[in-house]
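With the sequences and hints as input, model every part of the structure.
Protein sequence lines correspond, in order, to chains A, B, C and D. Using numbering that gives the first Met the number 0, the first residue of the first sequence is number 0, and each one after it goes up by one. Using numbering that gives the first Met the number 0, the first residue of the second sequence is number 0, and each one after it goes up by one. Using numbering that gives the first Met the number 0, the first residue of the third sequence is number 0, and each one after it goes up by one. Using numbering that gives the first Met the number 0, the first residue of the fourth sequence is number 0, and each one after it goes up by one.
Honestly, the hints are just simulated from the structure, not real lab data. Errors might be hidden in some of the hints.
Claimed, not checked - Dumping the calculated BS3-like pairs for lysine-lysine here, alpha-carbon to alpha-carbon at most 25 Å: (1) B:K297 to B:K370; (2) B:K297 to A:K53; (3) B:K294 to B:K348; (4) D:K144 to B:K75; (5) B:K370 to B:K244; (6) B:K370 to B:K348; (7) A:K53 to B:K301; (8) B:K322 to B:K33; (9) D:K54 to B:K133; (10) B:K348 to A:K53; (11) B:K370 to A:K53; (12) B:K75 to B:K140; (13) A:K53 to B:K302; (14) B:K340 to B:K322; (15) B:K140 to D:K144.
To be verified - Between beta-carbon pairs, the in silico distance windows are: (16) D:R302 to A:L180: 30 to 38 Å; (17) C:R108 to D:L278: 49 to 57 Å; (18) D:A75 to C:P235: 47 to 55 Å.
Unchecked claim - Chain A residues, not near chain D, derived (Cβ > 10 Å throughout): (19) F26; (20) L49; (21) G64; (22) F130; (23) P131; (24) I147; (25) G165; (26) A172; (27) G179; (28) V191; (29) F254; (30) Y263.
Since the structure is predicted, the reported quantities are computational estimates derived from the model, not experimental observations. For glycine and all other residues, C-beta sits at the position ideal for the given N, C-alpha and C.
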Amino acid sequence: MFLEQLINGVTLGSIYAIVALGYTLVFGVLDIINMAHGEIFMFGAFVGMLLVSKAGVPLPVAFLGAIAVTGAMGFLLERAALRPLRSRPGASNLASLISTIGVSILLENAAHRIFGAGNHPFETPFAEIRFPVGPVNVYLVQVLILLISLLLMAGLALWLSRTRGGKALRATAEDLTTAGLLGVDTDRMITVTVVIASAMGGVAGVLIGMAFNYINNQIGLSMGLKGLAIIIFGGMGSVYGAMAGGLILGLSETFVVAYGSSGYRDAIAFVIIIGVLLVRPQGLFGQAAPGTGH
Amino acid sequence: MKVRLQALAVLSSALFALVFLGAEKPRPRVEPIKARIGVISIITGQGAGYGEAITNGIRLARDEVNARGEVYIDLKIEDSSGKQEQALSAAQKLIHSEQVVAIIGPTLSNEMKVVGPEANASGVPIMGTSTTAKGITQIGKYVFRNALPESQAIPASIGMAVKKYNLRQVALLYGNDDVFTKSGFDTMKEVSENRKLRILTVQEFQKGQADYKAQLTKIASLRPDAVFCSALYEEGAVILSQARKMGIKVPFVGGNGFNSPKVIEIARDAADGLIVATPWFVDRNDPKVKAFVAKYEKAYGKKPDQFAAQAYDAFHIVANALKAAGAADRDRLRDALAATKDFDGVLGKFSFDAERDVVMEPNVLIVQGGKFRVFQ
Amino acid sequence: MSALLALERIGKSFGGLTALSDISFSVNPGEIVGVIGPNGAGKTTLFNVITALFPPTEGSVVFDGEAIAGLPPHAVARRGIGRTFQNVRLFADMTVEENVMVGRHCRTRAGALRGVLRTRGEREEERGIRQRSRELLDLVGLPGACSGQAAGSLPYGHQRRLEIARALAADPRLLLLDEPAAGMNEAETKEVSGLIRKVRDLGMTILLIEHDMSLVMKACDRVVVFNFGRKIAEGPPSAIREDPGVIEAYLGSAEGAADA
Amino acid sequence: MEWINPYHLQVASFVLINVILGTSIYVTLSTGQLSLGNAGFMSIGAYAAALLATKYALPIPVGVAAGALLAGAAGALVGIPSLRLSGVYLAIATLGFGEVIRAVAINWESLTGGAVGIAAIPQMGRVVLAGARDLGFSPASLGLKPNQFISLTVFLILLVAAVLTVAFFLRLGRSRVGRAYAAIRLDERAAEASGIPVTYYKVLAFSQGAMVSGLAGALYAHATSFISPADFTYHRAVEILVFAVFGGSGHILGPAFGAAFLTVVPEALRAISHYRYILYGVLVVLVVIYRPQGVIDPPLLRRMRGDRAAEAA
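What follows is the structure, encoded as structure tokens:
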């Protein structure tokens with residue numbers, strides 16, 4: 000049973016990690032928690048589902064479709080709910096937090112009107128492919144999820160540290176005004192960030208659908224809450240923190256059920272956060288942020 | 000002689016029919032009893048899937064009743080968003096602003112626990128169509144329900160399953176943060192203990208959880224003869240599909256919340272082996288049921304689930320009681336409702352007991368080959 | 000005469016970076032002592048150590064015969080050390096008067112309940128706070144008309160004075176002023192210089208960081224010179240002016256030459 | 000007396016409870032701490048009051064006071080370790096605290112009844128009516144039907160509670176402690192150097208915020224007569240935050256306005272039930288964009304006061 004639970008935990012953890020990467024990227028650059036991220040990847044999941052189950056397109060095309068839609072949504076989110084706040088004096092981070100909450104309420108209810116309430120099956124023949132590893136069956140989807148999450152993490156880390164765009168992004172994250180003075184088009188960088196993060200949400204959405212066989216307009220909320228928990232204890236803005244945090248949470252939830260009480264499964268994320276934050280207020284991988292403890 | 004007699008018989012029956020019809024025609028058209036009935040349902044937010052089925056069923060019944068002309072019902076549907084405060088505000092609006100004669104709903108037992116006392120205190124009959132938790136009708140004499148409580152459904156399904164499969168050891172799985180699934184679980188546990196079944200493990204899950212693999216892996220490792228699962232169909236379908244995928248082939252026994260075409264739609268083959276006890280059987284060989292299913296499918300593009308069927312029957316029960324009461328009066332309607340006996344609806348024969356709770360024989364159904372069938 | 004403030008072998012490092020090492024000197028009651036040195040010499044760090052915003056890595060701070068290291072900053076303020084900041088830190092959204100009233104906090108007592116119930120004692124205390132605040136605003140030369148204005152909207156020079164008034168509201172015995180004349184023109188600097196002496200004449204002891212040499216030379220009884228986190232000289236202004244080490248380290252720098 | 004509609008009073012009652020909740024988040028925010036634990040503290044107050052009333056048959060005011068105090072004590076306990084945290088870290092950690100409390104409420108069945116919750120909590124309006132009848136009073140003497148009387152009583156009790164709460168913090172804001180809170184919010188360093196014990200006041204504000212949440216929870220329990228863990232989810236915490244930021248967190252009237260407005264809007268939009276939360280979302284975004292500091296802020300209040308003064312002159 001241990002091996003199976005380990006696989007369950009890693010799969011769940013990888014999904015959490017992908018969700019958390021989206022949050023952490025936006026936070027790293029903008030210092031904003033994008034509360035609409037969960038709803039954006041929920042839309043990604045629906046687009047993927049419609050393309051696969053209703054239109055019958057091959058899976059990679061479904062991924063691309065989800066990425067296109069969520070990327071576009073990220074663009075609109077940035078234009079409609081974030082950018083107008085950047086230029087306004089007196090707009091605290093709280094204001095953008097609330098405007099993204101507004102967007103998330105809007106999207107959740109819009110999804111209900113557009114896609115209908117309740118669960119929708121997410122079926123692809125691909126999701127049925129499995130192979131035995133020792134005594135247990137491993138589904139290809141589980142491997143794929145782990146691989147994609149690792150790839151996204153490595154890709155992001157590389158992009159941030161090696162490429163021009165990535166460096167400009169980091170400069171933007173470091174100090175918005177200075178980066179602007181140095182000739183970085185910060186508005187564009189921010190748009191790019193939000194679009195990339197949202198597109199990653201699209202990927203996450205399709206993977207979640209495949210992993211759990213169903214989707215509904217509430218998955219953004221429950222997954223989003225976990226994603227938030229992860230970036231906090233992984234360390235805000237840290238790519239590795241999101242990955243490590245995701246895996247830790249996935250494994251702890253699974254093992255709490257396996258060896259403890261399943262009644263506390265959903266609460267374990269927050270028990271961990273509180274524990275970690277009390278020891279390391281900046282999170283596992285976070286740099287001591289200004290204002291945290293003195 | 001014989002021929003004459005026959006002719007006479009034909010003639011006289013024709014005459015009789017003529018007289019009868021003639022008498023029917025000139026009967027003065029009675030003004031229908033006009034009444035306003037309120038509905039509280041989940042239209043937005045989590046659980047809107049149930050609310051949608053319920054309001055669909057009610058609308059269909061309303062159209063039928065109004066077309067018949069004996070009573071004319073003006074429906075006021077209010078959203079509760081699945082929240083108690085919203086349900087209470089909606090109830091107050093219906094009771095005091097809309098002056099409804101009765102309320103159907105709300106959807107969740109939680110909501111009923113807040114709304115019920117208020118309706119009862121205001122003397123407005125209220126009827127739950129999906130509130131299956133314990134202690135609902137005990138709120139007061141104006142509170143009714145036609146939803147078969149899990150305390151009646153589950154013993155029937157477990158009883159049949161134990162007999163058929165000779166179950167000895169079982170695993171229990173339930174949602175611990177919801178009144179409905181928690182009550183169902185309490186009954187399952189009680190019934191299992193009474194039947195001296197060995198409970199290998201009790202696993203919990205929480206609303207909105209996407210992944211049940213950890214719990215299911217644990218259950219699988221203990222090799223139960225069956226899994227008793229107290230879940231609503233939204234979660235239940237996902238649990239089934241994930242369970243089968245990881246190799247749990249044993250029967251699943253659920254309560255009546257598990258009974259929905261949605262289960263099959265979402266879980267597909269994985270739904271095979273699900274046993275539920277429920278008054279609602281979509282493929283029952285009964286003209287009433289067939290007509291209802293056909294109409295519902297035509298109107299909403301899908302088959303009715305038990306939430307729709309219970310709401311549909313509930314509306315007819317209220318309409319009948321209204322006819323019996325003879326006027327849109329809350330107290331007379333309450334008394335007429337309480338007197339409902341052997342109402343013949345799509346769920347079968349229905350009566351209220353002394354505590355305004357359900358008297359009904361549940362069917363035990365099993366999913367086989369992607370269809371609900373009677374379990375024998 | 001025993002010293003009001005005695006610093007004994009103070010050292011402070013951040014991570015691997017040494018900001019202060021082996022600093023010892025003392026300030027006597029009624030003195031005005033200047034602290035000078037090039038940017039980054041550790042002057043402000045010293046103020047932060049004295050006011051307990053940072054604990055020293057080594058050494059001890061003795062105020063009025065008592066070691067105060069380890070006390071929280073507000074307790075140090077309560078003992079009688081007030082300060083201003085290098086880049087004015089006023090409560091920008093509060094009114095001018097409220098800023099000074101905040102400064103009076105540690106000399107007053109009314110808790111939440113009394114504040115809400117407005118007991119007689121509390122009302123009297125508030126009246127006292129208000130009156131003292133007006134006096135202090137007068138003292139630092141802020142016109143009464145601006146007392147209702149948001150502190151952040153004051154002209155820069157007025158903000159500096161307001162910060163001094165806020166510090167004085169806590170009845171400090173030792174006042175630490177961090178570049179009170181920074182960014183001011185000659186006339187304003189002269190006024191500040193006058194204000195500093197006025198404050199001293201009220202019985203306060205002053206430790207002053209300042210880049211404006213004319214102000215330091217005129218106002219201070221004694222000067223301590225820092226460079227690279229160390230004390231390189233100490234003495235009366237006239238002696239410091241001639242100290243070759245100081246001239247090389249500090250006055251020799253471009254900035255020092257411009258100031259001098 | 001026909002115009003006294005229990006429905007309107009019901010909505011008004013929830014508005015008032017939300018005003019108290021809005022105040023609770025404002026109090027902690029006024030020292031610059033963003034706490035999202037208010038749903039958790041609310042549940043502590045609600046459960047304490049409900050249990051004292053149902054299990055020990057204590058009078059409602061005793062239970063309400065105990066609930067508020069218990070929540071305040073819990074606030075102090077949570078507030079102390081939370082001092083190390085700030086900004087979003089504090090927000091999410093306190094949100095987590097709320098979720099943990101909810102998990103405990105779900106799992107500690109012997110005390111809380113688990114998901115089934117606690118039913119038949121004495122409803123304050125009905126208790127007052129019963130008491131009044133014992134004294135020989137009949138609502139008919141005021142021309143009221145019993146349920147009008149009940150709703151009106153609940154409304155009036157909540158009105159008094161909300162007005163007292165808001166007045167308390169309005170006055171506190173203008174006192175020595177209020178100045179200390181504001182100083183800490185505006186510049187913690189400078190506040191410390193001015194002799195303000197920052198730790199003490201942060202914990203005090205945290206605890207006061209928790210106490211106010213607990214009060215709201217206790218009143219809620221006695222207004223709806225049923226509570227369950229589903230009442231105190233993450234949604235509630237976020238909703239309270241939206242009240243504060245939407246209405247404006249710079250002045251106590253901001254959260255109060257936000258709570259009132261955002262409680263009434265979904266109610267007013269009942270006619271378009273399917274779309275009302277879509278509109279709610281759009282409204283929140285628009286208002287935040289056009290008034291990022293919230294609808295009500297001190298300059299606006301000054302202008303309004305100034306206008307009034309000008310009119311009076």
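We went through each hint and held it up to the structure:
1. B:K297 to B:K370: holds (20 Å)
2. B:K297 to A:K53: holds (21 Å)
3. B:K294 to B:K348: Satisfied, since the Cα-Cα distance of roughly 21 Å is no more than 25 Å.
4. D:K144 to B:K75: Given that 25 Å is the threshold and the Cα spacing comes to 24 Å, the pair holds.
5. B:K370 to B:K244: Holds, at about 19 Å.
6. B:K370 to B:K348: Measuring from Cα to Cα gives roughly 23 Å; hence the hint holds.
7. A:K53 to B:K301: holds (17 Å)
8. B:K322 to B:K33: Since the Cα atoms of K322 of chain B and K33 of chain B sit roughly 10 Å apart, the hinted pair holds (cutoff 25 Å).
9. D:K54 to B:K133: holds (20 Å)
10. B:K348 to A:K53: With Cα atoms ~40 Å apart, K348 of chain B and K53 of chain A exceed 25 Å; violated.
11. B:K370 to A:K53: Judged against 25 Å, a Cα distance of about 22 Å means the pair holds.
12. B:K75 to B:K140: Holds, at roughly 23 Å.
13. A:K53 to B:K302: Within the cut-off at roughly 19 Å; holds.
14. B:K340 to B:K322: Since the Cα atoms of K340 of chain B and K322 of chain B sit roughly 14 Å apart, the hinted pair holds (cutoff 25 Å).
15. B:K140 to D:K144: holds (20 Å)
16. D:R302 to A:L180: 30 to 38 Å: Cβ of R302 of chain D to Cβ of L180 of chain A: about 36 Å, so the range 30 to 38 Å holds.
17. C:R108 to D:L278: 49 to 57 Å: Because 51 Å falls inside the window, the suggested range holds.
18. D:A75 to C:P235: 47 to 55 Å: holds (53 Å)
19. F26: violated (8 Å)
20. L49: holds (20 Å)
21. G64: Since the minimum Cβ distance to chain D is about 24 Å, G64 of chain A lies beyond 10 Å and the statement holds.
22. F130: holds (37 Å)
23. P131: holds (37 Å)
24. I147: Holds, since 26 Å exceeds 10 Å.
25. G165: holds (24 Å)
26. A172: About 15 Å separates A172 of chain A from the closest Cβ of chain D, which puts it past 10 Å; holds.
27. G179: Fine: 20 Å to the nearest Cβ keeps G179 of chain A off the interface.
28. V191: The claim holds: V191 of chain A sits with its nearest Cβ about 22 Å from chain D, beyond 10 Å.
29. F254: Check passes; 17 Å lies beyond 10 Å.
30. Y263: The claim breaks: Y263 of chain A does not keep its Cβ more than 10 Å from every Cβ of chain D (closest is about 5 Å).
When held up to the earlier numbered hints, the structure conflicts with 10, 19 and 30 and fits the remainder.
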